[in-house]
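There are 2 protein chains.
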Amino acid sequence: MYIFSNILGVFVFDEEFNVVDEILFKNLEDYNNKDKFIEQIKNKHKNLKEPNNEELKKMIIYFKNNRFFNDFCNKNLQLAKLDIKSSVKDDILLIQAINSIEELDKAINILAKRLREWYELYNPEISKSIENHEKFVEEILDKEKGELLEKLKINPSDSIGADLGQEDLEPIKSLTHQIYDLYQLRKAQISYISTLMDGLCPNIKAVCDAIVGAKLIEHAGSLKRLSEMPASTIQILGAEKALFRHMKTGAKSPKHGIIVNHPLIAKAPANMHGKIARTLADKTSIASKVDYFQGKFIGDKLRKELEEKFVK
Amino acid sequence: MYIFSNILGVFVFDEEFNVVDEILFKNLEDYNNKDKFIEQIKNKHKNLKEPNNEELKKMIIYFKNNRFFNDFCNKNLQLAKLDIKSSVKDDILLIQAINSIEELDKAINILAKRLREWYELYNPEISKSIENHEKFVEEILDKEKGELLEKLKINPSDSIGADLGQEDLEPIKSLTHQIYDLYQLRKAQISYISTLMDGLCPNIKAVCDAIVGAKLIEHAGSLKRLSEMPASTIQILGAEKALFRHMKTGAKSPKHGIIVNHPLIAKAPANMHGKIARTLADKTSIASKVDYFQGKFIGDKLRKELEEKFVK
Chain A
0 MYIFSNILGV FVFDEEFNVV DEILFKNLED YNNKDKFIEQ IKNKHKNLKE
50 PNNEELKKMI IYFKNNRFFN DFCNKNLQLA KLDIKSSVKD DILLIQAINS
100 IEELDKAINI LAKRLREWYE LYNPEISKSI ENHEKFVEEI LDKEKGELLE
150 KLKINPSDSI GADLGQEDLE PIKSLTHQIY DLYQLRKAQI SYISTLMDGL
200 CPNIKAVCDA IVGAKLIEHA GSLKRLSEMP ASTIQILGAE KALFRHMKTG
250 AKSPKHGIIV NHPLIAKAPA NMHGKIARTL ADKTSIASKV DYFQGKFIGD
300 KLRKELEEKF VK
Chain B
0 MYIFSNILGV FVFDEEFNVV DEILFKNLED YNNKDKFIEQ IKNKHKNLKE
50 PNNEELKKMI IYFKNNRFFN DFCNKNLQLA KLDIKSSVKD DILLIQAINS
100 IEELDKAINI LAKRLREWYE LYNPEISKSI ENHEKFVEEI LDKEKGELLE
150 KLKINPSDSI GADLGQEDLE PIKSLTHQIY DLYQLRKAQI SYISTLMDGL
200 CPNIKAVCDA IVGAKLIEHA GSLKRLSEMP ASTIQILGAE KALFRHMKTG
250 AKSPKHGIIV NHPLIAKAPA NMHGKIARTL ADKTSIASKV DYFQGKFIGD
300 KLRKELEEKF VK
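Chains as they are written, first to last, in numbering that gives the first Met the number 0: chain A, 0 to 311; chain B, 0 to 311.
This is chain A alone, in the form it adopts within the complex (with noise of 0.2 Å):
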């Protein structure tokens, strides 16, 4: 006699193929313990085999039935859709809120570059003076009262920006505040990005704080994938076009890709950066793979390594 299981149940066939017993999943809840039901089974009939591929065929011409067909397939279904359910693990979420950092600065950009023109019809003279985009729109903005701050404003008859009206005024400060949000949303995203890290891959995040880390994963795909990754590739993770064009015309290799964000190289001189890339790559590598099979936290050591070689 064969024994015989799918999401239906557990079913058991004499010679001739014919069912002589079974045991039919109420839900999928029985169906994740199916193994339970087959050793009941297994403990009710004496010496069961496991159907090889021919017998197999026969068997299954006894599904071919109508009164199967709709618990069949709504119970594929099911398990289809909470399979889909499941597949969203936290590093997926960390690839959306890394993209979304990615956009919110590519929107920010946009709006603050056209804020600038504006405003500088208005008060030039400021808006020439601070360089950086997120300062300048806190600068020009009381967060308390939701207003442009006048005061910015130097002796009117020495500007040369207009003398605007409130109403024209107005769409100026609005825009303003509206850059403001998107900076406060951004740092919100960091901040969220950084709490799944914590859970997700501690080690990464402690050799290539949050964002590098996040981009290097949300790069190579998940966790899994990045952890595969040899320390070579980490290095050149995102400077893909470089690597091609070397390989197709000789020019330069690359010597770094997303990690060149990473502080250590940022702030060393030119000539240490491959250096560093090859060294932080390695340690990124180990903590991918730390972080993958979830063993204990050795974060901090590699960090330190790191700092101990490179910072003086």
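Hints were generated in silico from the structure; no laboratory data involved.
The beta-carbon is built from N, C-alpha and C at its ideal position, and this holds for glycine as well.
Any given hint could be a false lead.
Claimed, not checked - Only pairs whose alpha carbons sit at most 25 Å apart, straight line, appear in this in silico SDA-like list of lysine to any residue:
(1) K105(B) with N108(A)
(2) K74(B) with P123(A)
(3) K186(A) with G145(B)
(4) K84(A) with S128(B)
(5) K186(A) with E166(B)
(6) K56(A) with I22(A)
(7) K112(B) with S221(A)
(8) K35(B) with D20(B)
(9) K112(A) with Y179(B)
(10) K172(A) with D104(B)
(11) K84(A) with S173(B)
(12) K105(A) with H132(B)
Unchecked claim - Which residues of chain B face chain A? A partial, calculated answer using Cβ under 7 Å:
(13) K80
(14) I83
(15) A161
Position chain B relative to chain A; hints supplied.
Same frame as chain A, now just chain B:
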């Protein structure tokens, strides 16, 4: 004797080109009322002549004098500043505002696409059922509480969306809220543009509607330049690429540029587009000339002629 005036004052020179009388301007206001002072001098001295070029050259030597230098410099600087200040006209503000709308659209688009992708992890069924970004954002957001509507999520066991916890929904919610605010800002900017156009170019607004009209002015560079354009140029304003392709390669000439967004054209069947575009450009050209020279309001008449011709 000669009379000569510059930014410093009004001067009377004798036949040997020595100064015999002068009135110095104290400030720019005096300069702006210089006609009064010239009159004063003319009443004092009879038979004053305007110098010719040769005589002027000899007179100017008098001002090559340190006594005048600082004053000359400062007053000219002030005058230049004043000119820049007063060069900010309503059409410059209009151009800034319409540009900001285009950039808001870009920013909204980038962020809304990200929101969709992110939100679909949680509730894909709703996102797929609403195509319009603005409607989508308004549907999923509880505007009073500033929360994502939970009741939208269909029966959790049927949905393939993941069951995200509050901490994972929070950044999605903030992003939704931000996009909602961007849409509100966009609406406010449009109503600002509309108000500006009521004062600056009511006729263009009546014929073209606020957005299309503002874009035409933006593309022309100013209301003045738009008013100087022939109707045929207005018709294809914004379709420069297609026009030059036509001139270079003999491809079809463009039938319309920016004005294709006008509701009359957008709603009409494709074979009428060229015809409507030509008439619309005609009326716009008339309207822009009336607006620039601040003539009477004939926008309603122009619009009515248009609609009678094409709306049945």
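Inset, instruction - Verify the proposed pairing of K105(A) with H132(B), using a straight-line Cα cut of 25 Å. - result: With Cα atoms ~19 Å apart, K105(A) and H132(B) stay inside 25 Å; holds.
Inset, instruction - Using Cβ atoms only, decide whether A161(B) comes closer than 7 Å to chain A, and label the hint accordingly. - result: Given a least distance of 4 Å, the restraint on A161(B) holds.
Inset, instruction - Take a quick look at whether K105(B) and N108(A) sit within 25 Å of each other, Cα to Cα. - result: Distance of about 11 Å is within 25 Å: holds.
Inset, instruction - Compare the distance between the alpha carbons of K172(A) and D104(B) with 25 Å, and conclude whether the hinted pair is satisfied. - result: At roughly 18 Å apart (the allowed maximum being 25 Å), D104(B) and K172(A) satisfy the hint.
Inset, instruction - Sort out whether I22(A) lies within 25 Å of K56(A), counting only the CA atoms. - result: Roughly 21 Å between the alpha carbons, so the hint for K56(A) and I22(A) holds.
Legend entry - Pair hint K112(B) and S221(A), alpha-carbon separation not exceeding 25 Å: holds, 21 Å
Inset, instruction - Please verify that hint: K80(B), Cβ, nearest Cβ of chain A, below 7 Å or not. - result: holds, 5 Å
Inset, instruction - Closer than 7 Å between Cβ atoms is the bar; does I83(B) clear it against chain A? Give me holds or violated. - result: Holds: closest Cβ of chain A sits about 4 Å from I83(B), inside 7 Å.
Inset, instruction - Given the hint that K74(B) pairs with P123(A), test it: the Cα-Cα distance must not exceed 25 Å. - result: holds, 21 Å
Legend entry - Hint consistency between K186(A) and G145(B) [alpha-carbon to alpha-carbon, up to 25 Å]: Judged against 25 Å, a Cα distance of about 19 Å means the pair holds.
Inset, instruction - Given the hint that K84(A) pairs with S128(B), test it: the Cα-Cα distance must not exceed 25 Å. - result: holds, 19 Å
Inset, instruction - With a cut-off of 25 Å on the C-alpha distance, tell me whether K112(A) and Y179(B) pass. - result: holds, 21 Å
Going down the numbered hints, you'll see the structure goes against none, and every one checks out.
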